[in-house]
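Q: Could you put the whole structure together from the sequences, leaning on the hints where they help?
Residue strings, one per chain:
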Amino acid sequence: MGSRLLNKIGLFFGALVLVSPAILFFLWMISLSLKFEIDNGAYPPILIPERFAWSNYAKVFEENNFLLYMWNSVLVTGTATLLALLIGVPAGYGIARLKAERSAIVIMIARMTPGLSYLIPLFLLFQWLGILGTLWPQIIIHLVVTVPIVVWVMIGYFETTPMELEEAANIDGASSWQVFRLVALPIAKPGIVVAFILSIIFSWNNFVFGVVLASRETRTLPVAVYNMLSYEQVSWGPLAAAALVVTLPVLVLTMFAQRQIVAGLTAGAVKGG
Amino acid sequence: MSAIAPERAGVTTQAIEGSQPVRLAPNYWPFVVPALVVVGAVIVFPWAFTLWMSVNSWTLGQSRSFAGMENYLRLASDPRFWESLWHTLTYTFLSVVAPMFFGTVAALIFDARFPLRGLLRGLFVMPMMATPVAVALVWTMMFHPQLGVLNYLLSLVGIPAQEWIFNPNTVIPSLVAVETWQWTPLVMLIVLGGLASVPREPFESAEIDGANAWQQFRYLTLPMIAPFLMIAVIIRTIDALKSFDIIYAMTQGGPGTASETINIYLYNTAFSYYDMGYGSAMAVVFFIVIVALSFILLMLRQRSQWIDAEGK
Amino acid sequence: MASVTINNVQKAFGNAKIIHDVSVDIADGEFVILVGPSGCGKSTLLRMIAGLETISAGKIAIGEHTVNNLRARDRNIAMVFQNYALYPHMTVADNMGFALRIKKADPADTASRVKRAASILGLEKLLDRYPRQLSGGQRQRVAMGRAIVRDPQVFLFDEPLSNLDAKLRVQMRGEIKALHQRLGTTTIYVTHDQIEAMTMADKIVVLHDGLVEQIGAPLDLYDRPANLFVAGFIGSPAMNFIHGHVEEGIFRSAGGLTLPLPEGIQPAEAAGRELVYGIRPEHIRATGQGLSGTVTLMEATGSEIFATVDCGGEVISCLFRERLALKQGEAVRIEIDRASAHLFDARTGQRI
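Protein chains in written order, with my numbering: chain A, 1 to 273; chain B, 1 to 312; chain C, 1 to 352.
Treat the hints with care, since some could be wrong.
[Stated by the list, open to error] Cross-link-like lysine to aspartate or glutamate pairs, in silico, EDC-like; alpha carbons within 20 angstroms at most:
hint, chain 1, residue 1, chain 2, residue 2
1, C, 327, C, 310
2, C, 17, C, 53
3, C, 103, A, 167
4, A, 99, C, 53
5, C, 115, C, 175
6, A, 99, A, 164
7, A, 189, A, 159
8, A, 8, B, 111
9, C, 203, C, 175
10, C, 177, C, 30
11, A, 189, C, 94
12, C, 103, C, 74
Calculated from the structure, these hints are not laboratory results.
A: As structure tokens, this is what we get:
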């Protein structure tokens, strides 16, 4: 009994050591964002300052058009995710039922291709179409990220739902579309939630597409925060505050939907091999 | 057999063998077609276009001309490309090995039961989900040679201050540290999934046979999770090769070109110098490198699969 | 309701032929059971009738209409699946009414038909529950209810009882049989369990390796198995098979054991070929005369005694209905009921 308890305490501290880089990083991030310049420049560094610099956050929104960029991010991520669900969920269903290995391989290679190699041709295409100043180029190119995620998660999900239910519906007189809408789709709801969350996260975090395609008015948050670094006097407090604002929605989503994310990532990853 | 058929009641003249081909199964293609169109437009078209661009010489704003293999030959004799390839491979190797090690250890710990396991695992997964650019900014501050918190922490244990990403010799290991910090959780999740699929009984039997913890790990756990480790290696390799956000946001390939990977060089070629033809050729070669490495690893994975070896 | 005609049907998956050439006539209202060991093609045949598999060659007709090219949803059949295939996101009532909803039937009419089916099956109180809240037996009933509500031409059952425990299986067997008597709908039922086949069927079709071995009423199959496969498959414990040949009007086994010829067999028709003598364990009695042997195994269940007796190298299983004071290793004399013995050609397996 005693040794088992010791064992558990040992495991707990082992886990704590492994988790500490993550905890310390985020604590330091918060600390940086809440300190005035003078505290951020102090040596030895201060973790908890005497005065909190809430003004850092105010500054982020006042000076950098951050609300516009946040709205851009919401539009790009939201539209790209909804479009991906709209076409990706039925596609995942079809591929799973057809056992269309080749379609699945295309999706896998899409995941392997570096984002930059999509950018050259699509950049030229958007330029030719004359839509570079709008959000559409980013929405369209984000489909490169969101569609494969949704299709991949949904293939995995539909492969696990029993075929017999659909056969039963078939015998009950349902057409293919009715089988999908009335039987397959409701059962796949948890899978759709997973696909939705993962698609949102990876689209929201995307940086490389925006850095090429975004103009001053169409920046998404990751590009905006990066631009703060390059074009303005680097002051750490507001910069850390901006970084936190950018990543906070994703972290909150991660905390609330941890179980689905873990399930989706491991399933997707394991299938991905 | 059709000789008997007319004698049977109810047999009409309807053809028996090889009449029209019937499909009773529902037609699933309508479900796939919209996605195929979109994938064709945003994924397959760019592939083809890149291939075509790579045999053309075209800098934005100038006229385009057919160049044949010129871009590829230029690539072969471009020392900056070879240097970036070397950086990429070093960066990738380290960014696979380190997360694999820490991720596997973490998975073994999180597979056991102990207080607050769920909470700690949740915190452990956080870095993976955080926005890379935001993460990169904060790490840049932490790496600051004078004001950074890392050098302060080192000074506490008596290690002299480092220059981290600001020194050509330490920039790649420093970037790998960030990559490791961010992506160890994914390895952990995959291996944890593998551990969950490992059956309990062999361990009980090994326990009775007198195997100690290390022997159980070496001879039971490791071979059983080998396929999952291989998957993690493959995914990690692909992601590390493609890594862009962290490197670009922290160093943009610097100091000088000390941390310029193919991806960064490709970006600079295409979107700083607007040399689209040369950039496309680089993209093609880069893509081939990724596919080749993934393919080699996939082959290795086939050999590591114990489930298949048993002939399921 | 309708008859079902299965005419020279074949099924191949690529090069693998699952069903070679099967013909069965099923009359309107008949309860037919397809039985055979796993892999014999019985489920595939059922799925072909349902329209879930294509027919490689031959013809299947329901009533007057050939259904080869008809999709499952147009065949007007109902099927009960092995694992019930209940829609997990619908209540019991919605599950049962699904087919009518698809047909855009009047909701009030649907509700009343669901109610009627539920009362037949004793499901009235469960109509608002979801499948996950039901026990195995209740799920089984809902699956049947879903079939009843349809009022289809044919009921198809694919091993519906194999997921239930032994006691429930016996109970459901009776209920399905009673249901058939009440509704009179043509029923095709697949099982690997010969007891289910014997107790429920009007007509049994024994399938083996994609071929029909025998079609007949349960007791016909038991009394007059057409070949060695049916003889061995039907009946439990299984029939004794003794290899040998006929010499001077008596059967002589390879080990030298002599047995009387089954009734109705002329020595002439059996002479000169390799034979298999078949006798069921329950058709052997310990009367103090006949073959002498040694008891090698004896298991008493109370209602009967199962014993194996070694008679000069041939081990014969016996089932005695009376209480005998038998002991292992003891000598015993057993008598074979000639009227119930069978003789098969060893090469073709056919009954003589």
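Q: Straight-line Cα separation of residue 103 of chain C and residue 167 of chain A no greater than 20 angstroms?
A: 17 angstroms, holds
Q: Residue 8 of chain A and residue 111 of chain B: Cα distance at most 20 angstroms?
A: 12 angstroms, holds
Q: Is it true that the CA of residue 327 of chain C sits at most 20 angstroms from the CA of residue 310 of chain C?
A: Distance ~13 angstroms between residue 327 of chain C and residue 310 of chain C Cα, so the pair holds.
Q: Quick one, are residue 99 of chain A and residue 53 of chain C close enough, alpha carbons at most 20 angstroms?
A: Satisfied, since the Cα-Cα distance of roughly 17 angstroms is no more than 20 angstroms.
Q: Between residue 99 of chain A and residue 164 of chain A, does the CA-CA distance stay at or below 20 angstroms?
A: 16 angstroms, holds
Q: Check whether the Cα positions of residue 177 of chain C and residue 30 of chain C lie no farther apart than 20 angstroms.
A: With a Cα-Cα distance of about 11 angstroms, the restraint between residue 177 of chain C and residue 30 of chain C holds, given a limit of 20 angstroms.
Q: Compare the distance between the alpha carbons of residue 203 of chain C and residue 175 of chain C with 20 angstroms, and conclude whether the hinted pair is satisfied.
A: Roughly 18 angstroms separates the two Cα atoms, so the pair holds.
Q: Please verify whether residue 103 of chain C and residue 74 of chain C have alpha carbons no more than 20 angstroms apart.
A: 11 angstroms, holds
Q: Straight-line Cα separation of residue 17 of chain C and residue 53 of chain C no greater than 20 angstroms?
A: Answer holds: residue 17 of chain C to residue 53 of chain C is near 14 angstroms, not above 20 angstroms.
Q: For the pair we were handed, residue 189 of chain A and residue 94 of chain C, check the Cα-Cα distance against 20 angstroms.
A: Satisfied, since the Cα-Cα distance of roughly 19 angstroms is no more than 20 angstroms.
Q: Run the distance test for residue 189 of chain A versus residue 159 of chain A: straight-line Cα separation, threshold 20 angstroms.
A: 14 angstroms, holds
Q: Holds or violated: residue 115 of chain C with residue 175 of chain C, Cα cutoff 20 angstroms?
A: 18 angstroms, holds
Checked against the numbered hints listed earlier, the structure breaks none of them; every hint is satisfied.
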